[in-house]
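K.L.:
One letter stands for each residue in the lines below.
There are 4 protein chains.
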Amino acid sequence: MNKNKNSKRRQELVAIAARLFCDQGYETTTVRTLAAEMGIQSGSLFHHFKDKQEILFAVIESGMLHAMEIARQALCEAQTPEERLHALAQAHLSTLLQDRDAHVVAIYEWRSLTDLSRAHLVELRDAYESIWREVIYECQQAGLVPDDQGLRRRLALGALNWTVQWYRPDGPLRPEDLAQTLVDMLLGRSPL
Amino acid sequence: MNKNKNSKRRQELVAIAARLFCDQGYETTTVRTLAAEMGIQSGSLFHHFKDKQEILFAVIESGMLHAMEIARQALCEAQTPEERLHALAQAHLSTLLQDRDAHVVAIYEWRSLTDLSRAHLVELRDAYESIWREVIYECQQAGLVPDDQGLRRRLALGALNWTVQWYRPDGPLRPEDLAQTLVDMLLGRSPL
Amino acid sequence: MNKNKNSKRRQELVAIAARLFCDQGYETTTVRTLAAEMGIQSGSLFHHFKDKQEILFAVIESGMLHAMEIARQALCEAQTPEERLHALAQAHLSTLLQDRDAHVVAIYEWRSLTDLSRAHLVELRDAYESIWREVIYECQQAGLVPDDQGLRRRLALGALNWTVQWYRPDGPLRPEDLAQTLVDMLLGRSPL
Amino acid sequence: MNKNKNSKRRQELVAIAARLFCDQGYETTTVRTLAAEMGIQSGSLFHHFKDKQEILFAVIESGMLHAMEIARQALCEAQTPEERLHALAQAHLSTLLQDRDAHVVAIYEWRSLTDLSRAHLVELRDAYESIWREVIYECQQAGLVPDDQGLRRRLALGALNWTVQWYRPDGPLRPEDLAQTLVDMLLGRSPL
DNA sequence: AATGAATGAGGCTTCATTCAT
DNA sequence: TATGAATGAAGCCTCATTCAT
Chain A
1 MNKNKNSKRR QELVAIAARL FCDQGYETTT VRTLAAEMGI QSGSLFHHFK DKQEILFAVI
61 ESGMLHAMEI ARQALCEAQT PEERLHALAQ AHLSTLLQDR DAHVVAIYEW RSLTDLSRAH
121 LVELRDAYES IWREVIYECQ QAGLVPDDQG LRRRLALGAL NWTVQWYRPD GPLRPEDLAQ
181 TLVDMLLGRS PL
Chain B
1 MNKNKNSKRR QELVAIAARL FCDQGYETTT VRTLAAEMGI QSGSLFHHFK DKQEILFAVI
61 ESGMLHAMEI ARQALCEAQT PEERLHALAQ AHLSTLLQDR DAHVVAIYEW RSLTDLSRAH
121 LVELRDAYES IWREVIYECQ QAGLVPDDQG LRRRLALGAL NWTVQWYRPD GPLRPEDLAQ
181 TLVDMLLGRS PL
Chain C
1 MNKNKNSKRR QELVAIAARL FCDQGYETTT VRTLAAEMGI QSGSLFHHFK DKQEILFAVI
61 ESGMLHAMEI ARQALCEAQT PEERLHALAQ AHLSTLLQDR DAHVVAIYEW RSLTDLSRAH
121 LVELRDAYES IWREVIYECQ QAGLVPDDQG LRRRLALGAL NWTVQWYRPD GPLRPEDLAQ
181 TLVDMLLGRS PL
Chain D
1 MNKNKNSKRR QELVAIAARL FCDQGYETTT VRTLAAEMGI QSGSLFHHFK DKQEILFAVI
61 ESGMLHAMEI ARQALCEAQT PEERLHALAQ AHLSTLLQDR DAHVVAIYEW RSLTDLSRAH
121 LVELRDAYES IWREVIYECQ QAGLVPDDQG LRRRLALGAL NWTVQWYRPD GPLRPEDLAQ
181 TLVDMLLGRS PL
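Residue numbers (this note's numbering), protein chains in the order written: chain A, 1 to 192; chain B, 1 to 192; chain C, 1 to 192; chain D, 1 to 192.
Treat the hints loosely; a few may be bogus.
Unchecked claim - The calculated DSSO-like cross-link candidates involving lysine-lysine, where the alpha carbons are at most 30 angstroms apart (straight line), are:
1) A:Lys8 x A:Lys52
2) A:Lys52 x D:Lys8
3) D:Lys52 x D:Lys8
4) C:Lys52 x D:Lys52
5) A:Lys52 x C:Lys52
6) B:Lys52 x A:Lys52
What the hints contain is simulated information worked out from the structure, not anything from laboratory work.
I would like the entire structure built from these sequences, with the hints used as guidance.
P.N.:
Following this line, the structure appears as structure tokens:
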């Protein structure tokens, strides 16, 4: 099995799998379909991945790692708590759009992961959410957001994640508007 | 096949299916498992439902019909736009908790429906969302919410729906707090 | 799955499997071939047996149970130690010929059993061998066979078992001759 | 492919294959496992052997050639018919113990050989058995063994071959005792 | 001699569904 | 309504073998 987990080729295969899992669902996507779309034979798939499940893991992991990276970069350039919150929301939307397939898969196919894989990804998710926790905490310290045991943070993240259900980048709504409205809601502001 | 779609027995079976589909996923739950949990043989299942897929449809439909009913009742007793918005959010949370299984299934297994079934359920969903649209419109007319092409409504509904991912009724958070915070965010209020 | 382990139908299937496993080997015999020879579809096989391995177990177990039964019956009618020894050898040869398939499979495919199955069959085998141990012990007490820690017993049983490799019932050698010669060798006699 | 069939390297590989085939069975041992134990990659294996099956052939052939060699040497030093019979039994046991892997494989995996390979090995086996035939014949001429169309020879060889099933060199029984008892049984003697 | 990715046929097993009882 | 044996298509995965490097 090809152990080079970050090879260009592998990343391509993961992207293709992400698309298929997103479109058809993990259980419904057959190994043969995966292979066909990748331009290889079904047997060859198992040189790259131990399991069908390992492909699922790779898809979700790649989405999460990317999300983390983008969030970190976005925060580097932001200063005030509010700016940082805004940057984070923007970054979140960016990955959601850029790696939509992977994130949709993460949401829908979480259950199909093995316990071990899931445990590993839970760590990643916790790491990501702790970034949000931190930024929200800064906002609280600055008196911008009430201390509500993370309630607003959870609602906001939920609202963001749910956007994959309805948001289409080719619609009239710009991502910036989305992020702005989200921040407004979090901070208890109304544009009126 | 039992044509009496609302028979007590059938509703029991649907509830059992909802639980299994929610816990294990639609694709992963076998007809045999369904039958076993229902206390019958797998062959007998097909006297109650034409298809495995029809069971899925019944599960989701029942959740949606229930949601609609609860929403309508809640609105009957509410007067001002804000009260009505609050009542709606509360009602939404209620079904989400009461019929959690069915709603989780609706979210996760939407894809496994046949086109025909999906079309029918889309109608139901649209009917439900139009209730929200209406109430939000009333709030806009009252100057409580900005006119943003449904953006806030969508974010709010997303935030609510996402609660099935993390909200546990046995935790410290009461559903009322959730509904209140949600309304606050929608209306651009901060408890600070 | 059909739980009636002694049904006529099941015994037929086991006999067919025995023949195939004997002729082609367990690993080499495919489930599809098994099913085809049984006149059913490959999927139907799994109503009767949980596993391919369970078929192997059933084949070997049936051979062993039969061997035990025949040995017990033969001993009922024999009196003196030597008669009993002779009856036992004769009985052993009988099963070896009657259930040749099953016994060949037992010898060759022992390794393919699961640990659990093997443990169960080891008990059966031990029970069978203890019959031999007993009869040989009677012969020792009667001064017919030396006490050699079971060495002659083992050599004799080995010689018998090996007959499946070369003995053909349609040859010039009668089973009785075989049994007689075996007993002669065990008792240290020569026809000269 | 390496045409030097007797190269040191090749003999090593054959010995490793013998061990694996003996422990896991021919069908169950994968080419990858073979290669791994040999310290090479699976592709490289095919530079040494045309086929997986050719490895099996090499294993069995080597065991047989060795057996023949040891038998011939043993007979060189023996004089009387009985001495020669004893030497032969002793030699047989020696190879059975020395090359246990190869002989076990010969017994169990005979079926997996191609017809061509099998035919070649049948010649070797016949050559070996004719040595036994000869020595037994000498014993017959000397009045030590009855003329029974090879029945005692076959039983004796079977008893010997079967020893691989139960004999362990680290047990209380010495190979010499085994050989002696075997000869006694063949010649119709009892130590009593 | 060696590598190791790729092949592609084929293996075991599962599963929704049917149908005679 | 209920049963449960049978179906047969399809799923995931393995494995001996090849071939360009």
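K.L.:
Quick one, are Lys52 (chain D) and Lys8 (chain D) close enough, alpha carbons at most 30 angstroms?
P.N.:
Holds, because 19 angstroms separates the two Cα atoms, which is no more than 30 angstroms.
K.L.:
Taking only the CA atoms, is the gap from Lys8 (chain A) to Lys52 (chain A) under or equal to 30 angstroms?
P.N.:
Holds, because 19 angstroms separates the two Cα atoms, which is no more than 30 angstroms.
K.L.:
Starting from Lys52 (chain B), check that the Cα of Lys52 (chain A) is at most 30 angstroms away, please.
P.N.:
Roughly 25 angstroms separates the two Cα atoms, so the pair holds.
K.L.:
Given the hinted pair Lys52 (chain A) and Lys52 (chain C), is their Cα-Cα distance within 30 angstroms?
P.N.:
holds (24 angstroms)
K.L.:
Hey, Lys52 (chain A) versus Lys8 (chain D), does the alpha-carbon distance stay inside 30 angstroms?
P.N.:
violated (43 angstroms)
K.L.:
Would you check the hint for Lys52 (chain C) and Lys52 (chain D), treating anything up to 30 angstroms between C-alpha atoms as holding?
P.N.:
Holds - the C-alpha atoms of Lys52 (chain D) and Lys52 (chain C) are around 25 angstroms apart, at most 30 angstroms.
In the structure shown, a violation is registered for the earlier hint numbered 2 alone.
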